[in-house]
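There are 4 protein chains.
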Amino acid sequence: MSTKSGEFEGFNQRIADAMVASSEQGGGLPQYLGIHLREMTPGRLVATMDVRPELITPMGAVHGGVMAGFVDHCLGCVLYPLMKPGQWAATTEFKLNYLRAVRAGTLTAESTVLSMGRRSAVVRVDVRNDGTLACVAQGTLLVSDPPGAK
Amino acid sequence: MSTKSGEFEGFNQRIADAMVASSEQGGGLPQYLGIHLREMTPGRLVATMDVRPELITPMGAVHGGVMAGFVDHCLGCVLYPLMKPGQWAATTEFKLNYLRAVRAGTLTAESTVLSMGRRSAVVRVDVRNDGTLACVAQGTLLVSDPPGAK
Amino acid sequence: MSTKSGEFEGFNQRIADAMVASSEQGGGLPQYLGIHLREMTPGRLVATMDVRPELITPMGAVHGGVMAGFVDHCLGCVLYPLMKPGQWAATTEFKLNYLRAVRAGTLTAESTVLSMGRRSAVVRVDVRNDGTLACVAQGTLLVSDPPGAK
Amino acid sequence: MSTKSGEFEGFNQRIADAMVASSEQGGGLPQYLGIHLREMTPGRLVATMDVRPELITPMGAVHGGVMAGFVDHCLGCVLYPLMKPGQWAATTEFKLNYLRAVRAGTLTAESTVLSMGRRSAVVRVDVRNDGTLACVAQGTLLVSDPPGAK
Numbered sequence: 006m007s008t009k010s011g012e013f014e015g016f017n018q019r020i021a022d023a024m025v026a027s028s029e030q031g032g033g034l035p036q037y038l039g040i041h042l043r044e045m046t047p048g049r050l051v052a053t054m055d056v057r058p059e060l061i062t063p064m065g066a067v068h069g070g071v072m073a074g075f076v077d078h079c080l081g082c083v084l085y086p087l088m089k090p091g092q093w094a095a096t097t098e099f100k101l102n103y104l105r106a107v108r109a110g111t112l113t114a115e116s117t118v119l120s121m122g123r124r125s126a127v128v129r130v131d132v133r134n135d136g137t138l139a140c141v142a143q144g145t146l147l148v149s150d151p152p153g154a155k
Numbered sequence: 006m007s008t009k010s011g012e013f014e015g016f017n018q019r020i021a022d023a024m025v026a027s028s029e030q031g032g033g034l035p036q037y038l039g040i041h042l043r044e045m046t047p048g049r050l051v052a053t054m055d056v057r058p059e060l061i062t063p064m065g066a067v068h069g070g071v072m073a074g075f076v077d078h079c080l081g082c083v084l085y086p087l088m089k090p091g092q093w094a095a096t097t098e099f100k101l102n103y104l105r106a107v108r109a110g111t112l113t114a115e116s117t118v119l120s121m122g123r124r125s126a127v128v129r130v131d132v133r134n135d136g137t138l139a140c141v142a143q144g145t146l147l148v149s150d151p152p153g154a155k
Numbered sequence: 006m007s008t009k010s011g012e013f014e015g016f017n018q019r020i021a022d023a024m025v026a027s028s029e030q031g032g033g034l035p036q037y038l039g040i041h042l043r044e045m046t047p048g049r050l051v052a053t054m055d056v057r058p059e060l061i062t063p064m065g066a067v068h069g070g071v072m073a074g075f076v077d078h079c080l081g082c083v084l085y086p087l088m089k090p091g092q093w094a095a096t097t098e099f100k101l102n103y104l105r106a107v108r109a110g111t112l113t114a115e116s117t118v119l120s121m122g123r124r125s126a127v128v129r130v131d132v133r134n135d136g137t138l139a140c141v142a143q144g145t146l147l148v149s150d151p152p153g154a155k
Numbered sequence: 006m007s008t009k010s011g012e013f014e015g016f017n018q019r020i021a022d023a024m025v026a027s028s029e030q031g032g033g034l035p036q037y038l039g040i041h042l043r044e045m046t047p048g049r050l051v052a053t054m055d056v057r058p059e060l061i062t063p064m065g066a067v068h069g070g071v072m073a074g075f076v077d078h079c080l081g082c083v084l085y086p087l088m089k090p091g092q093w094a095a096t097t098e099f100k101l102n103y104l105r106a107v108r109a110g111t112l113t114a115e116s117t118v119l120s121m122g123r124r125s126a127v128v129r130v131d132v133r134n135d136g137t138l139a140c141v142a143q144g145t146l147l148v149s150d151p152p153g154a155k
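Chains as they are written, first to last, in this note's numbering: chain A, 6 to 155; chain B, 6 to 155; chain C, 6 to 155; chain D, 6 to 155.
Chain A with its partners taken away, still in its complex shape (with noise of 0.2 Å):
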């Protein structure tokens, strides 16, 4: 995807490397789904996630909150290694299609940012289910100072 040059030159190697190290420990959300942080490389994030049969519905297939669940912190998590020391990042809006049902392996997603300013950025998520584009996503983030921060 091409960015403007230079885009990404704030990127913190030790930070990535940190959350990629520590991403199975996190509690909440991410631990409940398996989410594991892969690969981090500037405005670029690749992470797994396996279909345990808890995740299925009774239709068959992963359910969509899952998915939105797996969407919503890759696109979040991609951001950290570009911003300052304090700084978080929030989804304030997002939007998925679903491509096709996922009912076993593994789902392994690549969050892309599109654009990155001192305030927000636009990240793209593409998921792929053993190699299968499954679910495409595109969304908003909010980057927030540390309380206190002037």
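It cannot be assumed that every hint is accurate.
Chain copies aren't distinguished; within one or between two, either way the pair holds.
[Claimed, not checked] Using 20 Å as the maximum straight-line C-alpha spacing, the simulated SDA-like pairs for lysine to any residue come out as follows:
id	residue 1	residue 2
1	Lys89	Gly65
2	Lys89	Pro63
3	Lys89	Met64
4	Lys89	Gly33
5	Lys89	Thr113
6	Lys89	Leu119
7	Lys89	Ala109
8	Lys89	Leu147
9	Lys89	Thr46
10	Lys89	Ile20
11	Lys89	Met24
These are calculated hints, taken from the structure and not from any lab test.
Mind docking chains B, C and D on chain A? Use the hints.
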């Protein structure tokens, strides 16, 4: 919301009652989130979930994926009493806007069917946090026949 | 739609009246489409446009882009009486669902502000065709200061 | 974008060529906007439009509805060479993110089919302004048979 008169004539009160009575026992993501279906009338569903600490991010707000999972579940559930026995509904796309950070209390979703055809439906979900609008969503669902149906 | 009490306190009736009085003379896409602003109250706008033959595709329905242009215009206009003089609103994203084909008659859009902050707003638009819901949309707008403002 | 091998086998080069050759003569919104179809290959369309002064708002940027109309048109056109003769495609929903204000020059849209079934398709559109990404969109289209078809 205006709909064509008679659009929800096929509403099945028995299915609605059974869904409300059993909504806490379905397992999977809805049970992890703690979603309770409270009230189902033709073309409308009210559901709630409590914001427990595990669903909060380190930044102190409900994880966006939690809200997305809640919304996705409410998009689909409102359709079951309107479909023929054995049919099922799958979200094909949805979009949500987060209006404000949610830190505690209860989320209440109102899911409203905006249009209902033989094969697809458009549904809107408004989520309030202790009375204040916190998230709005709209999406499309595909209605499918059971395997083997003609 | 519930909003926080006082959220629209800054509503400027004079700006609203001027917009309604002059809406047919703005030129560009809105004039090509024939959009008329009919009524502006705090956080709410009603606008109409007639479905003239030129806006119909060879398949006999209003071009989706006509509806999208109408929606986009209504997303932004509702904010002007709520902003400070000189500020302007730009759509940063929106999503729409087409509920039924529109073949003739008048389109009436109701644009409602769901949340309004200092820098952004979320707005919903419902479009009816001769009384029947034909399109629903929701989007985000960025509020900007005039160049040179501090 | 990965798609299943053979997914676009039915691509009809003659229809594609005819659409490219005649795209400036269709009338209606596409002609008002000045949309030119430039290149159609299986599952992919490139189209352009010039940003003429009439399409700029008083704030100095392309009207959001102009971009939305351009996107909607490109969402649908990419499908025609993939459908059976007489079938038509109607957008049922789409969403777009505006990445930066467009003030002059040319808009170039790349429309890509992400999934194509017998009855519906999901399409992505990226719009660049003189080489820089300016808008991204994704949407769903319904494929319909001509009246009277069995």
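For each hint, the structure was consulted:
| no. | hint | verdict |
| --- | --- | --- |
| 1 | Lys89 - Gly65 | between (43 Å within a copy, 19 Å between copies) |
| 2 | Lys89 - Pro63 | between (44 Å within a copy, 17 Å between copies) |
| 3 | Lys89 - Met64 | between (44 Å within a copy, 15 Å between copies) |
| 4 | Lys89 - Gly33 | neither (24 Å within a copy, 37 Å between copies) |
| 5 | Lys89 - Thr113 | neither (27 Å within a copy, 34 Å between copies) |
| 6 | Lys89 - Leu119 | within (19 Å within a copy, 31 Å between copies) |
| 7 | Lys89 - Ala109 | neither (38 Å within a copy, 27 Å between copies) |
| 8 | Lys89 - Leu147 | within (13 Å within a copy, 23 Å between copies) |
| 9 | Lys89 - Thr46 | within (16 Å within a copy, 41 Å between copies) |
| 10 | Lys89 - Ile20 | within (10 Å within a copy, 40 Å between copies) |
| 11 | Lys89 - Met24 | within (15 Å within a copy, 42 Å between copies) |
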